[in-house]
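Under my numbering, think of the first position of the sequence shown as 2, with each following residue one higher.
FYI, nobody ran anything at the bench for these hints, they're computed from the structure.
Computed from a predicted model, the values in this text were never measured in an experiment.
Be a bit skeptical, because a hint or two may be false.
The calculated label-pair distances, taken between Cβ atoms and stated as ranges, are [what the hints assert, rightly or not]:
hint, residue 1, residue 2, range
1, Lys97, Arg131, 24 to 30 Å
2, Ala15, Tyr113, 36 to 42 Å
3, Ala10, Leu37, 26 to 32 Å
Using N, Cα and C, we set each Cβ at its ideal position, and we do this for glycine too.
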Amino acid sequence: MTAPEPLDARAEVAAAVEGIRRLARHVSDFPQPGVLFTDLTPVFADGPALRSIMRALAAPVAGRVDLVAGIDARGFLLGAGVALELGTGVLAVRKKGKLPPPVHGEEYALEYGSAALEVPAEAIELAGRRVLVVDDVLATGGTLRASVDLLERCGAIVETVAVVAEVPGLGGRERLDGVGLHCLTTV
Numbered sequence: 002m003t004a005p006e007p008l009d010a011r012a013e014v015a016a017a018v019e020g021i022r023r024l025a026r027h028v029s030d031f032p033q034p035g036v037l038f039t040d041l042t043p044v045f046a047d048g049p050a051l052r053s054i055m056r057a058l059a060a061p062v063a064g065r066v067d068l069v070a071g072i073d074a075r076g077f078l079l080g081a082g083v084a085l086e087l088g089t090g091v092l093a094v095r096k097k098g099k100l101p102p103p104v105h106g107e108e109y110a111l112e113y114g115s116a117a118l119e120v121p122a123e124a125i126e127l128a129g130r131r132v133l134v135v136d137d138v139l140a141t142g143g144t145l146r147a148s149v150d151l152l153e154r155c156g157a158i159v160e161t162v163a164v165v166a167e168v169p170g171l172g173g174r175e176r177l178d179g180v181g182l183h184c185l186t187t188v
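Given the sequences, and given the hints that come with them, work out the whole structure.
As structure tokens, then:
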């Protein structure tokens, strides 16, 4: 396998942000009144914009990670592309019940209830692996925090969390205190 070409982090982030600003769709009062939803689907459907996002998420950790963990479900799309850019493998961090046992799991609180994430307990050795955790949006930070906690409990070393966009003011950044955070833009 040939090594990926070197990435220029500033140039990649600038290209990604331009694509996000040009293509993201903003929807008022979705999923509930008072919320301005940013739909990244049109950005992901544009080849050059998607490529710039993958490269921008990968650039800051090039040569520092040996596995990318993508969070169910949009993180799967991003994680696979970032892993290809970095020349690493990808691990799907799944919602509870989607993987056959045995699994390692992490429960976390939602605004109204709880959820859980899982990774395989066998066949993929996580101990000592340097991991980049990838997702599309950082809002309250619960899912990302649970992913980091799960991977670290499995022995992984989480180098950084990378997201396409952050919704400021919801406490997500604070919830990830102590974890490196790479965010392309805010919405």
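The hints, checked one at a time:
1. Lys97 / Arg131: 24 to 30 Å: This hint holds: roughly 26 Å between Cβ atoms.
2. Ala15 / Tyr113: 36 to 42 Å: Since Ala15 and Tyr113 have Cβ atoms about 38 Å apart, the given range 36 to 42 Å holds.
3. Ala10 / Leu37: 26 to 32 Å: Given about 29 Å between the Cβ atoms, the range holds.
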